[in-house]
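Chemist: If you want the building blocks of each chain, they are given just below.
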Amino acid sequence: MAGAEVTEVAVVGGGPAGLSAALAARQAGAKVIVVDENAAPGGQLRKQIHKFFGSKEHHAGRRGFRIAEELVAACREQGVELWTDTLAYGIFDHTLGIVRGGTASTLAARSIVLATGASENALAFPGCTLPGVMGAGAAQTFINLHRVLPGRRALIVGAGNVGLIITYQLLQAGAEVLGVVEAAPRIGGYAVHAAKIRRAGVPIYTRHTVLNAAGHGELEEVTIAALDENGWPIAGSERTFAIDLLCLAVGLTPLTELAWQAGCLFEYCGPLGGHVPLHSEDMETTVPGLFVAGDMAGVEEASTALEEGRLAGLAAAAYAGYRSPNLEEEKAAARERLQALRSGPFGEGRYLAHEEIVRRWLKWRDAR
Amino acid sequence: MEGRPVAVIECPEEIPCNPCETACPQGAIQIGNPITRRPRLDAARCTGCGLCVAACPGLAIFLVKEEADTAEVTFPYEFLPLPQVGDVVTAVGREGQPLGAARVVAVRQVRTSDGTWLVTLAVPRALSSEVRGMRRL
Amino acid sequence: MRVEEHPILGPLPKTETVWIEVDGKKIPARAGEPIAAALLAAGIRVFRTTHRRGEPRGPFCAVGRCTDCVMTVDGVPNVRTCVTPVREGMKIETQRGLGRWPELK
Amino acid sequence: MKAPDVVVVGGGVIGTAVTYYLAKQGADVLLLERSELGGETSSACDGFVILQSKSPGVHLALALASAELYRNLAAELDWDIEYKNCGGLIVIEREEEMPAMRTFMSKQQAIGLDVRLLSGEEVRRLEPALAPYIAGATYSPQDSQVNPLQVVLGFAQAAARLGARVCQGMPLQTLRRTGARVGAVVAGGEEIPAGAVVLCTGVFTPEILAPLGVDLPIRPRRGQLVVTEPAPPMVRHIFLCARYIAAKYHPELLAAAEDEALRLGVGLALEQTESGGFLIGSTREFVGWDKRTTPGGIREIVRHATRILPALAQLNAIRTFAGLRPYTPDGLPFLGPVPGWENLYLAAGHEGDGIALAPITGRLMAELILTGHTSFPLEDFAVERFSCGKEQGGRLKVTP
Amino acid sequence: MNDDDVIICRCEEITKGEIRRAIQAGATTFKAIKKFTRAGMGLCQGRTCRRLILQILAQETGQTPGQLLPGSYRPPTRPVPLAALKGEKP
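Heads up: the protein sequence lines correspond to chains C, W, P, F and E, in order. For the first sequence, the working numbering begins at 59 and goes up steadily by one. For the second sequence, the working numbering begins at 69 and goes up steadily by one. For the third sequence, the working numbering begins at 2 and goes up steadily by one. For the fourth sequence, the working numbering begins at 386 and goes up steadily by one. For the fifth sequence, the working numbering begins at 12 and goes up steadily by one.
Pulled out of the complex, with its shape left as it was, chain C reads as follows (with noise of 0.2 Å):
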């Protein structure tokens, strides 16, 4: 076929997890191709301009922009290719459909890593499609990587870190932000995040929601209301906010869109965001030789998306041929990582969680 390409492990995203994937695997021996149909590749890092948790291994402390540069430059050093503005446009077997420089054409591979990450959830309310309104991704997207503030009096719908994060950086770029608003009767986030932007005097209105936005041809106007036990608006709590910038943090979805249309099993798993592939303990799919990383196999953070990255790059290694020479002890030590992220009280839900994936994938096996 016309412009057919083939290498031996194929990495789709180049965020945190694929870009972790592919060192991985290039360590091992194996020719790497990254497809990314970004500009540049780093994936969500590239925006993120705080210091991250962690530890050493996960470049804790440092920011996510620069973690980026770190990885992007390990990968360019090891010799991984880094096909950036290429979309994978479907999965064909073990073939990838891409779209590069304004021509289809197909990547062939022995093993593929998916690592396309996550996406963000909408919410529905009156006023919602107004200009102003957006995730609160894409508003970081702007104020981080263009440099471009859309808006100077916003709103954040949504207490997780994310929307915690988001405000901070608003605030980093010289916007106001008037208040976080969050249905749950708690602050998702972590205690930290919350804290830094108290001190910088931005309420929290927890137990809240957005009753409607308004305003001609773009937004204006938020009001939002205090919410009772069951979750309805109380009469006569309403507020309403003049802003024009209302940004959503109300969570993640895994992108799994490529795992669906290779066949893969899923599951249903509400703390990883949705329907997530199943995946072995190396996060192979239940399609051998495709391997899942990041937040599509579950929507957790950078941190573990690395060391996902990192088993599934190794496993996508041997698959095609390229057993590291220590490949038992790095997986091991990998997964000794991954469950130290998962423990304490934030990370125990999400660690049974993927447990239960992988559970799932072994009774798949075993009935095979």
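Since the hints were made in silico from the structure, they are not lab data. Check each hint, because a few of them may be wrong.
What the hints assert, rightly or not - Derived DSBU-like pairs (lysine-lysine); straight-line CA-CA distance at most 35 Å:
hint, chain 1, residue 1, chain 2, residue 2
1, E, Lys42, F, Lys469
2, F, Lys387, E, Lys42
3, F, Lys409, E, Lys42
4, C, Lys421, F, Lys676
5, F, Lys492, E, Lys42
6, W, Lys133, C, Lys389
7, C, Lys421, E, Lys42
8, C, Lys114, P, Lys26
What the hints assert, rightly or not - Going by beta-carbon spacing under 7 Å, a handful of chain E positions derived as facing chain P:
hint, residue
9, Asp16
10, Leu54
11, Cys55
12, Thr59
By construction, the Cβ of each residue, glycine as well, lies at the ideal position given by its N, Cα and C atoms.
Please arrange chains W, P, F and E on chain C, whose structure you already have, making use of the hints.
Modeler: Structure of chains W, P, F and E alone, referenced to chain C:
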């Protein structure tokens, strides 16, 4: 601890994070295994160097120095414009509430800063455990 | 509005300025940035009006997924402005509904 | 469950049509759909009610009768099926194809189809988007289009209003035999006594009939399609190409071809739907039950379509999909009783004509089941026209 | 609160009310809602509204999110010009 700055760690949750432990040249902060354990400070070994303040991804570490009836509170600061030494600013508490005017006595960066400034305010000793930042300029 | 100074990212790096035309009006853009960024920087927030209800829309996801920010670019409708870089002399139009397509011939 | 007069198995366009016309005649009908209405072939096809593509003979005659029913169907069903009497073109790419098309057309004219041959210049006047090299086209103002999904829903909703019970998520488990009759059907764990049973199960019919000793030559034939973004109206007609006719009636000519497009059986089937999107097909491939699209299939469809209508190249594809068409060796569906059974009927095997032939199929099957005879002769569609199972001792018919 | 007028599918401008009516008419899957309403069939192919629709389905039909399948995902993952899909010259 009278007369020398000591770190105050306000990290209330078990989250997977240990750069403070790694940053401390004195080994005064311990997290260990698993990584989600909360940091413990050995105040006797703390020299108040501020490396942990700048390294903490949660901006949850402060320095407090108490002497006679005054105190100096150091906090991480990542906004523009930066205050200048000698400026009088509004000190704020954990909820961002104003706690009165305070003089800026130091604005510096350390090895672990990468953009994070350490701002030190002189405040009344009674407010040393209240003041945790300043109103943005 | 441009974020000229940033406490972490530093001053806005100098880049070449390219000029694009939006509904006949020339606006400056930073070379390589997506159309949507240039428009927001110029204070333009309504990118299109919808096909059925004629309602205004602007950027929503900023990563090329939701297609809410599409405009007619150099005569081609439905261009995702959040992932399409500016080019000198590019002609961008607010898209009304499905957009005006060039005659099929 | 109350015993219905007729159990219809399969909720595609044929099953819902049969259900509707039975209910319209006053029968108590139960429709069993194993997953959801229009979930298989009927939601993976174009919406052509095209007459020109039908082989001259009973096939075309049946299609003409069906087209007549479509005229008032939306009003009758009280459902917007997006019917448009837009006219159709069969594009002729090469001069060499002209004689064959002329013959094909004149036979159709003899049966009463309004169809004429246009020169390249004439057809480009009708559709300026056609490429300059196009040699000509046959044109029929009688060709129309509908939205297949809405036809399925329209039939089902109207049938339900007439009292039919439409059960989704009810796979047929067993046909219970009582002498020469189906005594009951077992579905969803329930044994349902039935007066008569109609299988409208398309590509799945052979596997249902095999245990009954009936060997039916229906084979799944994959058709891949590409959907574009919605655009304002850019073309007015529905389009086939002359190669489609060849792909449909002479697969043996294409199978040996070197050209990948021909090997995949690519023949143009193109329409701009009510929503503004273009539906562009299609391949015709025997690949078993594989319903995936392929990079090669997509590419060849797009190459073929953009060669004929070059301006399409500027449009974005937003979706590709494939459906399995119930192929029969003679291109005609099976309509009639299953030999050896008194109350078991078949309406399956329409290949790419399911949408076009649905109304007449529904009406004739209702007539057959409820009265024993039909207003249109169904001999040519008889189930036993190919060598059927041993116990039926069916007659073998030589097909044109 | 009557939120029938809220837009759920941003591309095809399909409201919550239209989706509710489709559910009442018998659409109990994402796939069926697409057929009834065109929600999820526009330019972005349901990449923004799919989850919202599944939530409405769960609320209205009492199914759990785990019982609801997200429907089919077909290539291409983004709009791709036909000019690109033509590929290289043969």
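Chemist: Hints first: check each against the structure and report whether it holds.
Modeler: Going down the list of hints, with the structure as the test:
1. Among the hinted pairs, Lys42/E with Lys469/F is consistent with the structure: their alpha-carbon atoms are about 25 Å apart, no more than 35 Å.
2. Simply put, Lys387/F and Lys42/E have alpha-carbon atoms about 30 Å apart, close enough for the 35 Å limit, and the pair holds.
3. Under the criterion of a C-alpha separation no larger than 35 Å, the hint pairing Lys409/F with Lys42/E is consistent with the structure, at around 28 Å.
4. A C-alpha spacing of about 27 Å is found between Lys421/C and Lys676/F, which places the hinted pair at or below 35 Å, so the restraint holds.
5. This hinted pair does not check out: Lys492/F and Lys42/E have alpha carbons roughly 42 Å apart, beyond 35 Å.
6. The suggested pairing of Lys133/W with Lys389/C is violated, with an alpha-carbon distance near 46 Å, which exceeds 35 Å.
7. For the proposed pair Lys421/C and Lys42/E, the alpha carbon gap of about 29 Å is at most 35 Å, so the pair holds.
8. Our distance criterion of 35 Å between C-alpha atoms is broken by Lys114/C and Lys26/P, whose separation comes to about 51 Å.
9. For Asp16/E, the suggested interface contact is broken, since its CB lies about 11 Å from the closest CB of chain P, more than 7 Å.
10. A distance limit of 7 Å between C-beta atoms decides the matter here; for Leu54/E the minimum to chain P is near 4 Å, and the interface restraint holds.
11. Taking 7 Å as the C-beta cut-off, the interface hint given for Cys55/E holds, the closest approach to chain P being about 4 Å.
12. For Thr59/E, the interface hint holds, the least distance from its beta-carbon to any beta-carbon of chain P being 5 Å, beneath 7 Å.
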